[in-house]
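Novice: Below, each chain spelled out in residue letters.
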Amino acid sequence: MNIMKTLINLEYSRYDLSRRGKHYSLFAALTLIILLFMTGLNLKGTHVSERVPFIYASMLLWSVVTILSAVHMVTFKSLSHRDWFLSFPHSRLKLLYAQLFSLLRHSLNLTLAVLAAACILYYYSVRAGWYQPLTASGLIYLFSANTLFLLAFLPLAVTFGLGVSLFLRSRTGALLLFPYLMIWMFPFIAESALGSANQEFYTSAASSPGRVLLAALVLCLAGWPLCHLLMKLIAAKGMNAAAAADRLSAARTASLRPGFRALRMKSGSGSAGRLVPYLLLYRLHISRVHHIEKHPAIRILKLVVPFLIAAVVYLGFALEEEVVILDFIKPLFALLVMLGSIWMLMRTGIERKQLPWLLSFPQSRLALLLSGVAVVWTTVMRALSALMLSACAGSVAALLAGRTGIEEWSHSISWVLYSFLLSVLVLTVILCLLQIEYCTLKLKVLNIVMIPLAMLGPLHSFLLNRFMYSGLHGGASPDFRLLGLTALIALPVALCCIPAGAAYYHMSLIQPAGKKTRSKQA
Amino acid sequence: MDQPFELLPEPFQINPSLPIYEQFVEAIQGRIVSGQIPSGSRLPSVRELAAGRGVNPTTIARTYQELERIGLIVTYRGQGTFVTRDETAIGGARKVMMRRAIQDFKAAAAKLGITAEQLLEFDKEDSNE
Amino acid sequence: MSEYILDNSNSGIGVSAEPAAVECIGLGLTLRKKSILHDVTFNIPRGSLTGLLGPNGAGKSSLLRIIAGLADPDTGSVEIFGKPAGAKRLGELSLLPDRSSLPGWLSVREWLNFAAGIYPDWDPAKAQELQAKLSVSAEAVISTLSRGEEARLQLLTCLSRKAPLIILDEPFTGVDLISRERIASAVVAELADGARTFLIATHDIREMELLFDRLILIGGGTIRSVDEVDTLRRSGKSVESHYREVFA
Numbered sequence: 001m002n003i004m005k006t007l008i009n010l011e012y013s014r015y016d017l018s019r020r021g022k023h024y025s026l027f028a029a030l031t032l033i034i035l036l037f038m039t040g041l042n043l044k045g046t047h048v049s050e051r052v053p054f055i056y057a058s059m060l061l062w063s064v065v066t067i068l069s070a071v072h073m074v075t076f077k078s079l080s081h082r083d084w085f086l087s088f089p090h091s092r093l094k095l096l097y098a099q100l101f102s103l104l105r106h107s108l109n110l111t112l113a114v115l116a117a118a119c120i121l122y123y124y125s126v127r128a129g130w131y132q133p134l135t136a137s138g139l140i141y142l143f144s145a146n147t148l149f150l151l152a153f154l155p156l157a158v159t160f161g162l163g164v165s166l167f168l169r170s171r172t173g174a175l176l177l178f179p180y181l182m183i184w185m186f187p188f189i190a191e192s193a194l195g196s197a198n199q200e201f202y203t204s205a206a207s208s209p210g211r212v213l214l215a216a217l218v219l220c221l222a223g224w225p226l227c228h229l230l231m232k233l234i235a236a237k238g239m240n241a242a243a244a245a246d247r248l249s250a251a252r253t254a255s256l257r258p259g260f261r262a263l264r265m266k267s268g269s270g271s272a273g274r275l276v277p278y279l280l281l282y283r284l285h286i287s288r289v290h291h292i293e294k295h296p297a298i299r300i301l302k303l304v305v306p307f308l309i310a311a312v313v314y315l316g317f318a319l320e321e322e323v324v325i326l327d328f329i330k331p332l333f334a335l336l337v338m339l340g341s342i343w344m345l346m347r348t349g350i351e352r353k354q355l356p357w358l359l360s361f362p363q364s365r366l367a368l369l370l371s372g373v374a375v376v377w378t379t380v381m382r383a384l385s386a387l388m389l390s391a392c393a394g395s396v397a398a399l400l401a402g403r404t405g406i407e408e409w410s411h412s413i414s415w416v417l418y419s420f421l422l423s424v425l426v427l428t429v430i431l432c433l434l435q436i437e438y439c440t441l442k443l444k445v446l447n448i449v450m451i452p453l454a455m456l457g458p459l460h461s462f463l464l465n466r467f468m469y470s471g472l473h474g475g476a477s478p479d480f481r482l483l484g485l486t487a488l489i490a491l492p493v494a495l496c497c498i499p500a501g502a503a504y505y506h507m508s509l510i511q512p513a514g515k516k517t518r519s520k521q522a
Numbered sequence: 001m002d003q004p005f006e007l008l009p010e011p012f013q014i015n016p017s018l019p020i021y022e023q024f025v026e027a028i029q030g031r032i033v034s035g036q037i038p039s040g041s042r043l044p045s046v047r048e049l050a051a052g053r054g055v056n057p058t059t060i061a062r063t064y065q066e067l068e069r070i071g072l073i074v075t076y077r078g079q080g081t082f083v084t085r086d087e088t089a090i091g092g093a094r095k096v097m098m099r100r101a102i103q104d105f106k107a108a109a110a111k112l113g114i115t116a117e118q119l120l121e122f123d124k125e126d127s128n129e
Numbered sequence: 001m002s003e004y005i006l007d008n009s010n011s012g013i014g015v016s017a018e019p020a021a022v023e024c025i026g027l028g029l030t031l032r033k034k035s036i037l038h039d040v041t042f043n044i045p046r047g048s049l050t051g052l053l054g055p056n057g058a059g060k061s062s063l064l065r066i067i068a069g070l071a072d073p074d075t076g077s078v079e080i081f082g083k084p085a086g087a088k089r090l091g092e093l094s095l096l097p098d099r100s101s102l103p104g105w106l107s108v109r110e111w112l113n114f115a116a117g118i119y120p121d122w123d124p125a126k127a128q129e130l131q132a133k134l135s136v137s138a139e140a141v142i143s144t145l146s147r148g149e150e151a152r153l154q155l156l157t158c159l160s161r162k163a164p165l166i167i168l169d170e171p172f173t174g175v176d177l178i179s180r181e182r183i184a185s186a187v188v189a190e191l192a193d194g195a196r197t198f199l200i201a202t203h204d205i206r207e208m209e210l211l212f213d214r215l216i217l218i219g220g221g222t223i224r225s226v227d228e229v230d231t232l233r234r235s236g237k238s239v240e241s242h243y244r245e246v247f248a
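Protein chains in written order, with my numbering: chain R, 1 to 522; chain U, 1 to 129; chain A, 1 to 248.
Source of the hints: derived by calculation from the structure; they are not laboratory data.
Any given hint might turn out to be false.
[Unchecked claim] Below, in silico cross-link-like pairs of lysine to aspartate or glutamate (DMTMM-like), each with a Cα-Cα straight-line distance of 25 Å or less:
(1) R/Lys94 x A/Glu110
(2) U/Lys95 x U/Glu129
(3) A/Lys126 x U/Glu121
(4) R/Lys77 x A/Glu170
(5) R/Lys237 x A/Glu110
(6) U/Lys111 x U/Glu121
(7) R/Lys5 x A/Asp72
(8) R/Lys22 x A/Glu170
(9) A/Lys162 x A/Glu110
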């Protein structure tokens, strides 16, 4: 058991915030709690029932924990100490369990912050008079039931996230990626269906603490053994990344080399026009994205998802539930924006090996940074556009099939368009703001700003719900003027961040490795 | 441990194309015979010498084995390896080396097309001038 | 100091009753239709220092990974000390992986504390001794170490265990001269103490030339020659000249 503890501590120390400074973790925790509290205030169900903060807490934790575990697993291949880790004289299952437990520990830290925010939200709501306060015992009952529920499903969340490795191995695995994502989306869909559409759900018996406790028990008894089986499967299949990884990374660098060569040649011959260096750099970065897109799993996703979106939209119209369509589309847009922001945050780590080469190119740092941002932006834009187009296609199909009238159709489409434009705006703003990360290398104090920025990715949808989508359920038209005004203010501010970051881009060369801003784990 | 002598000449070039232990034996033998390594002195252990010279300990072990076979060194269990105090053994080794030196001298003379005596004659005349 | 007992199995003439440290028979490995290793057969006697030399891409790292049990061969078998190799035998050997670093966010002291818990055969006294000998500073953060210092730390981690088989994959790449000498003399000291077998894959022929007992040359996934270095030298060939002969 000593070995297990050591392995867990080793894995845990990697993202342990307290290593950065004694007060860092405390500060990060407080910021997180405050931000969560403020987001919670603006959620639509908060005024209804005392259970709602906890429901939202569960959903947030589910999404964050699974994504973090999945990202951890996917980046495992490219860790610089991967070979050493795999050469430890312990079984793969043990190593995997060590990773599971360390992720669990981080998740528990996060859970504490989330629960604290939920409690503060409850007290605030009671004081604001939104609902009747519970008795002391009722409160304890609610709180403990939900805590137990969270504790019960956290291991499942982590295992589920780690399981992504199973689907990236082979073509058959790639096919199963889609059901995997559906299972991941299930809690959100369930909440949308049960909760937002039907506010009584929150006060009914279906969501009472007793039911929650029962759910926790079921998860424990049925879910945990399932976890163990899944872990064994992952250890056997998923962690055999070692041999395959080397050849894969060799192929990947091979795909970058033509880009590098073309760049050197062209830049030496006196560029025609100032746009050329930007384009070349952009092409260099995008070649890596193209390489990832060739992965069978991604190919299948690109094929299947548009059809599914179109089908769902069509059904939505057919069943006269136009509002549900938007409740379905909005989280998808938000998810894409969130993934874009996570990708941007991780780029410093991803690019670390190529950074000396990139910075030695005879192009300005602004060009380098801009091309990096552009790559993320265009890729996410492609995904967003694909989503929107397939939604439109589904709606047009419904219109042509006579399932809906012109008025409802144009109303829904205008909301979809609004949502799309809003997501594009948010994406642009967030990506630009994240470039401040490089300024923190010079002005350490800006690190404070990075924490809320990092959280903007996952939490922005809640803010949007409050401010920009206020008319949605009331049947009003989207307010494009509000959108335009926000864009007018936010865009220039955001765009200023890029030159600011470019000025200090080179300083990331001399910083020691490990400058992580993924401080979502408090 | 402080050694008042050098076991091997300091800039000792090891030829990687010939058996290394032979080169070591040759060098150490020469130094024992000429007195540069006093008789009775303690030799470094296999481990020390190997680590110091960057050669495989097997090589050093073979060196010591060979030197012991010739009779120039003795190993006392638990105490270490020492140069022998036996003067006859050292004398015998000296004689072997002298014979070999003479052989080399004769061969060098033959290369020039003269006999060994002629070469010595030349040396006498040369040093008189 | 300890006496060094000449192991007859080194000269190749004596027949030892104990199984060889490593015995590979007919190993083959194919990845994505490319043959990485083909019909690899050799053995490594106990207590020897064997060098695995060959051009880049010859399959050295794949071979070492198979011996260590981190990868499985498609054909053939590997035995370590008489029993089949595999991931379960990781506790009996010490592997220094190629082009890999130790956890960069830890300080040296923290890493050694973790190592003491992770490796069941960790020898703290040895670790102290090697820390002094290889002059590895305890408080430095691993990601800030220079290449030479990190190489010395990695070797320290490998040697501070009691494993009887030590596999070093390119321990000298990019390492400065003094560090290389220190690493070589640490390896020699281990060898002299008797019980360990070394298998070293390296391009640094000059540094290791005088240390090899046995030489395995591998190129294009096949074994080109297996020689006792003594035999080579008796016929007037150095390791370097033999390498050139085989590969040039």
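Novice: When the hints from earlier in the document are held up against this structure, which numbers fail?
Specialist: Of the numbered hints, 2, 3, 5, 7, 8 do not hold.
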